[in-house]
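Top line first, the protein sequences correspond to chains B and Z.
Read the first sequence against this note's numbering and you will find it ends at 330, with the numbers running on by one and no gaps.
Read the second sequence against this note's numbering and you will find it ends at 330, with the numbers running on by one and no gaps.
One should not assume that every hint holds.
In silico lysine-lysine, DSS-like type, Cα no more than 25 Å apart, as pairs [to be verified]:
id : chain 1 : residue 1 : chain 2 : residue 2
1  : Z       : Lys169    : B       : Lys169
2  : Z       : Lys287    : B       : Lys169
3  : Z       : Lys169    : B       : Lys287
Think of the hints as simulated: they come from the structure by calculation, not from any bench.
Protein chains: 2
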Amino acid sequence: MHILIIGAAGMVGRKLTAALVKSGQLRGQAISRLTLADVIAADKPAGFTGAVETLATDLSAPGTAVTLAAKRADVIFHLAAIVSGEAEADFDKGYRINMDGTRYLLEAIRQEGIKAGSYLPRLVFTSSIGVFGAPFPEAIADDFFLTPLTSYGTQKAICELLLNDYSRKGFVDGVGIRLPTITVRPGKPNLAASGFFSNILREPLAGLEAVLPVSKDVRHWFASPRAAVGFLIHAAEMDSSALGWRRTLSAPGLSATVGEEIEALRRVAGDKVVSLIRDEPNPTIIKIVDGWPRNFDTKRARALGFKAESTMDEIIKIHIEDELGGKIGG
Amino acid sequence: MHILIIGAAGMVGRKLTAALVKSGQLRGQAISRLTLADVIAADKPAGFTGAVETLATDLSAPGTAVTLAAKRADVIFHLAAIVSGEAEADFDKGYRINMDGTRYLLEAIRQEGIKAGSYLPRLVFTSSIGVFGAPFPEAIADDFFLTPLTSYGTQKAICELLLNDYSRKGFVDGVGIRLPTITVRPGKPNLAASGFFSNILREPLAGLEAVLPVSKDVRHWFASPRAAVGFLIHAAEMDSSALGWRRTLSAPGLSATVGEEIEALRRVAGDKVVSLIRDEPNPTIIKIVDGWPRNFDTKRARALGFKAESTMDEIIKIHIEDELGGKIGG
């Protein structure tokens, strides 16, 4: 089993690599080879006994997709993208990386099959809840229409359509997953508008102050990094014929308010930790967050065996286990 | 008022050109200039006193879109595409013409604005009911999701997403229209799977035999060529801000069965004409047609002033008026 991860140096890419190395198998077959591609070279995973190749390469650059497809991996995880804010600020870069990069990959896989003989890898693609735009129903169902209100969401929606069509034509075996907002996101606070959803949990758990820029009744859609990795592995292992030609799924998640995040933090870590959260309303962030999805009805993904956390307490405990070695406090 | 029509030599393009020349104005402004582009040169319209330029050019070829955008037309109608059957048979050609061609045009308009100063033309784009795929609800509502089951439908759906995003970013003022199946399509019978919907009306009205390959209870979604031209002109004239960032509309039409087509033909033209229709079931066509939309609920387009025929009798009479000089029989 040869696995290629594109976007391997990112947060989800690193956790996925670690999970695959730990399990040692995918689809019941031993993982003998890993190819890790990203714009910066990913670290070689510790404890892996198979062949590893790390490539510092840009999927949107000429030739990269062809080189990657020629490696004929059995399973390809395509996680590479620039984020929403950057795609909105740099229109050309967003289309080049998020749309053209994915199209090059699909086309390179097709051409590899034409030139070098039958090639039909499972391609797991990470899409986004950004393919949806307000106004929303109370919970976004599997047949809600794609109405992106950002260039990022448009690019992801286009990739979903291409993934369907290339799969339908038998050029690739694609499965797309729309990830919830990953919480608790490890690392330092960043400038993403969604950053506070993680910051208000992660920073206090490390004994640091965190700023809450919105009101406590803001509702959003969450899954842990561990759940996200689980979605991707399940997407690689599932029977894709169950998807028909609607190849992208909204992943399950947890709909919770900021207030519910804080009360879960109190239950798990106590009042003192919660007291490190400081209210500081930010009108810009309030406005952005107002246009985001709050809740989903992910019947289809759940029926197909995808699983997420059902409480915020669980999400916080996963962070404490996976990132803090089980220990709370700075 | 300078109008550019891309795809001007096709059936809808020719009728649109004639209607614009006849009216002499668009948005209350006299039409002073017409630029007619297509892969084969369109005929110069008779009776037009303004400047006319006809261009034999391929929108998907390098430089074409830049040349067309540099003409800085006030209104652009983009009707150029290869049809569903051809796009399904020739994957590369379909993506090149139906997707890349449209993207080149959008990007050339954006670049024209950047390079030569503010340019925000109204761009009217013809999409298709092929963006939808079975299973369908009884009537497809304005918020039904895009699930194309053909490469053609995928390409049109991607263009709709690009049109939204370029409009939202202020690079173009786009309006997309998903046309119903145009009936009665003038000209000779063609090999399109949908051809019989027109053939069974047009051929008998001309005193010729026609083959009916499906059962009489097959239901489909129709509008006359005259209505289609009306949609395009209304799309050019309407207040596009009423669309928000959902820039493409399913046009109104008439949902009717083949049996209803035949009974309307009987009312308009009599039993002798109807007797020229010969049943000859074709399993291939029956299967294709089974996956097509049957009915739409086009609340949004109707509220915005788009109008279609409400009876099949009306559709047949329009054909007799516009194509047969009011006369039935060969």
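Against the structure, the hints:
1. Lys169(Z) to Lys169(B): Roughly 33 Å between the alpha carbons, so the hint for lysine 169(Z) and lysine 169(B) is violated.
2. Lys287(Z) to Lys169(B): Holds. Lysine 287(Z) to lysine 169(B) sits at ~18 Å (cutoff 25 Å).
3. Lys169(Z) to Lys287(B): Judged against 25 Å, a Cα distance of about 18 Å means the pair holds.
Checked against the numbered hints above, the structure breaks only hint 1 and satisfies the rest.
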